[in-house]
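Trainee: Protein sequence lines correspond, in order, to chains A and B. Those letters in the first sequence? Residues 1 to 532, per the numbering used here, in order. Those letters in the second sequence? Residues 1001 to 1490, per the numbering used here, in order.
These are calculated hints, taken from the structure and not from any lab test. Watch out, some of these pointers could steer you wrong.
From the structure, some residues in chain B lie toward chain A, with a derived Cβ separation under 8 Å [stated by the list, open to error]: (1) A1023; (2) W1075; (3) A1330; (4) V1339; (5) G1342; (6) T1423; (7) L1441; (8) A1444; (9) T1445; (10) A1456; (11) G1460; (12) L1468; (13) M1472.
Just so you know, even glycine gets a beta-carbon here, dropped at the ideal spot from N, CA and C.
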Amino acid sequence: MVFMLLALAPGGIGASMQAAGGQGNTTGIAQQQAYLEDRYGLSDPVIVQYAKWLSSISPIKFGTRDLRMPGGERVSVPRPIPAPSLPQVFPPPAMPSVVFTPSTDESQIADFKALQRDAEGARRSYVGSVRLFRDALADVARAVGEPLVGRLDGKGGAKPNDFADVLIVLDAAQAAAAKAQSENISASSGAAPAKVASNKNGEKNLVAPSVAAQHVAQLALARVKLFDAAQSMDAKWALAEETRQRATIAFMAGPYPKSGFPIIPNLVSLDTSDFGVAFSKNRPVWDLIIEALPVTLLINLIAFPISYFIAVPTGVIASVRRGSWFDTLTGVLYLSLYSIPTVLAGVFAIGFLANNQYLGLFPVSGLHDTTADTMAFLPSTNLAGAWHCGWLLDLVWHIALPVLCLTYGSFAILSKQTRASMLDNLSADYVRTAKAKGVARNDVVVRHVFRNSLLPLITMFVGIFPAMLGGSVVVERIFSVPGMGSLILDAISNNDRDLILADTLMIAAVNVFALLLADILYAVADPRVSYE
Amino acid sequence: MISGIDAMRGVGQTRAKGFWADAWGRVLKRNGARFGLFWISLIAFFAIFAPLIANSHPWMIEQIGAGGEVTSRSWPLLANLTATDWLLLLGVFVGAPWILIGPRSLTRSQRTGMFVVAAIQAGVIVVLAPMLIEWASESLRAPWLKEIARGNNGGWPIAAVISLGAACVAAWIPSVDSLWKRVASALAVAAISGTISVTAGGATLINYERYMDNEASGKIRCVWAPIPWSPLYTRSDMVAAPPGAMVEELPNLESWKGTPFGKRFFIMGTDALGGDVLAQMLWACRLSISIGLVSTGLSVLIGVTIGAIMGYFGGWIDLLLFRIVEIFMAVPVLFLLIVAAGVLPRNTYMMMAIIGMFSWTGAARFTRAEFMKLRKQEFVQAAQAVGLPLRAILFRHMLPNGVTPVLVDASFSIAAAISIEATLSYLGLGPDGQASWGKLLSSATASTGTFVWWLAVFPGLAIFLSVLSYNMLGEALRDAIDPKLRKAAH
Chain A
1 MVFMLLALAP GGIGASMQAA GGQGNTTGIA QQQAYLEDRY GLSDPVIVQY
51 AKWLSSISPI KFGTRDLRMP GGERVSVPRP IPAPSLPQVF PPPAMPSVVF
101 TPSTDESQIA DFKALQRDAE GARRSYVGSV RLFRDALADV ARAVGEPLVG
151 RLDGKGGAKP NDFADVLIVL DAAQAAAAKA QSENISASSG AAPAKVASNK
201 NGEKNLVAPS VAAQHVAQLA LARVKLFDAA QSMDAKWALA EETRQRATIA
251 FMAGPYPKSG FPIIPNLVSL DTSDFGVAFS KNRPVWDLII EALPVTLLIN
301 LIAFPISYFI AVPTGVIASV RRGSWFDTLT GVLYLSLYSI PTVLAGVFAI
351 GFLANNQYLG LFPVSGLHDT TADTMAFLPS TNLAGAWHCG WLLDLVWHIA
401 LPVLCLTYGS FAILSKQTRA SMLDNLSADY VRTAKAKGVA RNDVVVRHVF
451 RNSLLPLITM FVGIFPAMLG GSVVVERIFS VPGMGSLILD AISNNDRDLI
501 LADTLMIAAV NVFALLLADI LYAVADPRVS YE
Chain B
1001 MISGIDAMRG VGQTRAKGFW ADAWGRVLKR NGARFGLFWI SLIAFFAIFA
1051 PLIANSHPWM IEQIGAGGEV TSRSWPLLAN LTATDWLLLL GVFVGAPWIL
1101 IGPRSLTRSQ RTGMFVVAAI QAGVIVVLAP MLIEWASESL RAPWLKEIAR
1151 GNNGGWPIAA VISLGAACVA AWIPSVDSLW KRVASALAVA AISGTISVTA
1201 GGATLINYER YMDNEASGKI RCVWAPIPWS PLYTRSDMVA APPGAMVEEL
1251 PNLESWKGTP FGKRFFIMGT DALGGDVLAQ MLWACRLSIS IGLVSTGLSV
1301 LIGVTIGAIM GYFGGWIDLL LFRIVEIFMA VPVLFLLIVA AGVLPRNTYM
1351 MMAIIGMFSW TGAARFTRAE FMKLRKQEFV QAAQAVGLPL RAILFRHMLP
1401 NGVTPVLVDA SFSIAAAISI EATLSYLGLG PDGQASWGKL LSSATASTGT
1451 FVWWLAVFPG LAIFLSVLSY NMLGEALRDA IDPKLRKAAH
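Could you put together the complete structure from these sequences and hints?
Mentor: Right, here's the structure in full:
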């Protein structure tokens, strides 16, 4: 269930992305389009795309196992390329059948690589020819005018499937244009003199026949171009499919060791998840996430205890001295802090504390100084006696402001909750008993009341942690920290579908794991709670 | 001196306040809540009157003839008000007074109901008109539809459709009973929404400099709005000017010398494009108010419905729906919102919808918990035994008894929605072509690396105070409603 939970939420967004116009189709780079087509099948319904994505990220794989290159890169079996569907006019291109024996000696890997390159090149040029064919379709539509322009020029774009319809309309338009031309010619030769005489600027009538002729020529040209494009598309598809089959045969011969671990041979295997490649950064998504996730976790895991350590004691003191100036002050202060959006705090912090125009106390961006690689880990003095802050302090100095911006927001919730549950417990009977027994006041507060007030604080975790993770997006953007938030914002601005999906998935995983931890802690802290 | 008998007769007694009146009285006793109300009404005031206060169109133009005499007058500011502006102004000057002091026979709850219905209807029309026009003018539509939407008088047929729909809805206002009243209100609503839809057509490109040039050459005399800047009007010669910067428009004309005319101030400075900050701040009030109310309304609507179904039925329905709630909770809301805002079209309505759609889990959980408590109680069983429809049991009988935690939560959600809007706008994912506090804030730390303090402080303060106001109202409401907390607080 947890897996479905994780997978479903970003999957919903994947669906919405598709609905919003598709990422790959408009971006235009043929390779990326081929990649997305292989990975998702862009013309499939959303639910199939979603299932494909799910199966690629799931550790259980079906069908042919991937191969693994020595560098750890994954090679999948080349997927068959769906043939372009051009009904009626062209006979469907024959599926090329390749008989090919791959080499098995030491040149095997080099041969496979060459075949792969060929297949990719042919694939790219096929995708490019599909685009050209679409352009030709759109040209026809523009030449014909209504009603084709409205249908083909819109957001949906021209699709090869429209070919048959377009042809019918084109035929009709050509016939009509030819008719108009002949009529015009006859009109200008027959009844024209009277009209020209009645019109002040006679050019118009004289121009009309040539416009009609132009239209006929335009239509004919568009038709020729369309057929050329269709033919070249078919040819390129045949080539792409042929090279693809060669590459597949070579793949089956197994130039590299197989990846993963078989459960049922050739059917089900166990493998690491495949998150795909982030084309905007030209790197596997997984590598990017492995780099970014620790940064986000670092900031959050530092900010989190700090907020508890500050808010809980103040809450305890406020409850013990209820109604005092301390109580009122912290109440007002924390509510005000709670009302400062993280963006605002970030902008103010970077503007007034970090910017050189004002105080300039902290670094403006990044996680480390540019010279951090050469630093010693701990603060030290070099031989000349100059003091260096060292790697650790440098890091602390850099993340001080981001952490500060994440911390303050949860003070109000935590301390108010602490105060409320402490007050509840302070008026309980067992406290009166303890006081009556003569237990020291501090012991009553710390041992009896505080211990029993802990539970709601653990529950608060559920509300605070997701908010903090969300807040870290903003903080990372403001302070240019290379974490998950910066990653997802970059991915969104580049429409990098795989990166967005994987990023959301990982954040959800972290979040759910944290919530699970809170549940376990809850059971540990309160023996009465059981999940039986 | 009141004797016991007098007391028994009820002398000196006041009628017990209702639950909500009592709670409201308690809320008003708190200084924080009073300040919150004051600030929110200030924002609401500017939300309504911003187009009249800050506008680059002059209030009035007097055409001056050859001999210096006034030949004609025109009111370009009024002529350029949009549907939303008209609707808000009409609502304030006609609608609200009529509902408040109108027909004597109406009870207070009926008036409140009408007010709510009118507000919702107005909002729906304002949202609907541009959306319908945009939808119809898309290239995929049938040619005749496009013809209508793109044509010069495109507003009229669409206005007719909208006003017909609005009239149908108006005919079913629950608190209006007699037939002629229904017909009258339907006609009134149709007329108003029709006029508004007509003016909702696309904005034309406006050349504000024309006014100044003509004024400088002595052809016209203008009466300017108090802040003579529109939020979208930018002066490329005044980029990032500090507060109090001034431009002088009429250097050549002798008759203007020595008068304050022609001098215009940027009271809060200008942004990175040269737009006036104060004008943008005022115009953004509308976005701030509406985004908080609408998105929270949406999330409460979704959350209460789902929560009510979960809590009332329990069993496998509860199990199933709660999994959906969990799915939404698994990803931090801000991440969901960022992704959604990134891939969906960027306009105000979409923004409201997104925030509403992704933040309903709180309301759903509160409602579920309340309904689980309520469903075994006698009055619910009685309602079931009488055979009331499910709708009536859920929303007539159970909801009023279990809505308080949701209402308190809603107040905090409005605050959250405002800060989310600021966040998204800051990240560049906010609505396009609209002034927003978050957008101003984002230009404070421009790519040049300089920090422009007036772009951070003024919008920042506005965001902070708005969020704080709603939070304080929420606190006060919670303390006033929750008897347990009330006891603990005193």
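Trainee: The structure should be examined with respect to each hint, and the outcome stated for every one.
Mentor: Against the structure, the hints:
1. A1023: Since chain A brings no Cβ nearer than about 19 Å to A1023/B, farther than 8 Å, the hint is violated.
2. W1075: Given a least distance of 39 Å, the restraint on W1075/B is violated.
3. A1330: Status holds, d = 5 Å.
4. V1339: holds, 5 Å
5. G1342: Holds - the Cβ of G1342/B comes within 8 Å of chain A, reaching about 4 Å at its closest.
6. T1423: holds, 5 Å
7. L1441: holds, 6 Å
8. A1444: holds, 6 Å
9. T1445: holds, 6 Å
10. A1456: holds, 5 Å
11. G1460: holds, 5 Å
12. L1468: Holds: closest Cβ of chain A sits about 4 Å from L1468/B, inside 8 Å.
13. M1472: holds, 7 Å
Checked against the numbered hints listed earlier, the structure breaks hints 1 and 2; every other hint is satisfied.
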